[in-house]
Amino acid sequence: MLVETTRFGALEIDEKDIFRMTSPLLGFPGLERYFMKDHGGGSPFVWLQSVEDAELAFVILDPILFKPDYEVHLTRGDVDELEIESEDDARVFTLVVVPGGDAKKMTANLQAPLVVNLKRQLAKQVVLNDPDLPIKYPIFGS
Amino acid sequence: MLVLSRKKNETIMIGDDILITLVESSNGVAKIGIEAPRNVKVYRKEVYDAIQEENRAAAAAPGTLDFGSMELPTLGGDAARKGPSLPGVKKPGTGGKRS
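Protein sequence lines, in the order shown, are assigned to chains S and P.
Using our numbering, the first residue of the first sequence is number 21, and each one after it goes up by one.
Using our numbering, the first residue of the second sequence is number 2, and each one after it goes up by one.
I should point out that these hints are in silico values taken from the structure, not numbers from a laboratory.
Bear in mind that the values here come from a model prediction, so they are computed numbers and not experimental data.
It is possible that part of the hints are untrue.
[As the list claims (entries may be wrong)] Label-pair distances were calculated between CB atoms; the ranges are:
1. S:Gly121 - P:Asp50: 23 to 29 Å
2. S:Asp100 - P:Thr22: 20 to 26 Å
3. S:Ala30 - P:Ile13: 47 to 53 Å
4. P:Val24 - S:Arg96: 51 to 57 Å
5. S:Gly120 - P:Gln53: 17 to 23 Å
6. S:Gly29 - P:Asn28: 56 to 62 Å
7. S:His93 - P:Lys32: 31 to 37 Å
8. S:Asp122 - P:Glu47: 24 to 30 Å
9. S:Gly121 - P:Asn40: 34 to 40 Å
10. S:Lys139 - P:Ser27: 43 to 49 Å
11. P:Ser27 - S:Gly61: 55 to 61 Å
12. S:His93 - P:Leu20: 22 to 28 Å
Where is the CB? At the ideal position from N, CA and C, for every residue including glycine.
Here chain P stands alone, though its shape is the one from the complex (with noise of 0.2 Å):
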């Protein structure tokens, strides 16, 4: 691991297109700003970990499940059906701009 120091409002590069920024630290914890391309993913690295085990145990779900007897506690054959949201995006038929 290279280690490198940086004091209050450093910036370090990594590549030609990211930056790690030292924007405060105190009492143990540092605020670390990211500046990164769209496509580059930035993840705390316990929330990674995290996500990949519990992929790993969803990928053991047996194809002999007994879903059938199930009663889901609000189970919406009409309900409609909600998409994420998207920043800025239009809408089909409107004549928004992106932001």
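Only chain S is shown next, with the shape it has when bound in the complex (with noise of 0.2 Å):
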């Protein structure tokens, strides 16, 4: 199917490829599907497309490639709402802010991570109850 975006034009994809929120990213609500895009040119980082709205993106990346210590721990209520059945079935991503389009100074939320079941397609942004993961970790360091 045909997506439109504002950043990457008309883009081809395939409805398999598409998530589904389970529940809508805080703040976007009642947009439920996105599909992922990587950035390329040999960058690790990942765009989170809206199908249904062409101007939301968000950056993601994987947090395992700026703190590999970090760890997220799911509520029953999360796994059953992903409808985890297997750690493999599951990936963790952290939204990213580039303050002011400079990338040298991107932030990761570590607070809120978007976690995906990649079996099921399915995805949520899911709220973890430590007060001290920042919302703004920055990736390269202070």
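Using the hints, build the complex out of the two chains.
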């Protein structure tokens, strides 16, 4: 199917590559369908692009690349909602903010990662109950 | 806003399935216990608001970002992907039971 995006133009994607958010991203109610697109150029950055809103896309990044000791503990509620049956089905991404378009200053939200069930193509933003986890973790150090 | 007064250990019900109990209150801090079905999300509001705002900031990233020249502190092309830890979920190939 053809998906319009403001950053990347019209993209041809497979229905099976579309993720459904079991709960919408906080601040973006009513938007459930997204797909992932590699930024490319050998970089590990991934774009989470809304299928329903051409303008809406997020940069996401696997936290193992900048904080290998970061651990995400899911509640039973999260596991049920994401229909996760095995740890291998699940992947964690963090949403990245690029302040003022300056990639060197980018921060990752460790308090509310995006947890994805690859097997079922489901995802949600999980708010972890740990007040010590920063919402703006500087990826390249402070 | 509905405002109800509770003494220690008294409970409020929201709907049929949500219970809010005043566990303790001292020095201007109330410890509030919440029992709710698994599918009902419970947040500290300031955390919810902060995350909402952070998401909105994240949505502003332009598509023309130059990541190519960025060196990430621990670039793991071969790094083992670490998934989240799940409560009582059995790993494939083992005969664990769900807790």
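**Structure versus earlier hints, numbers of those that do not hold, lowest first** = Checked against the structure, the hints that fail are numbers 4, 7, while the rest are satisfied.
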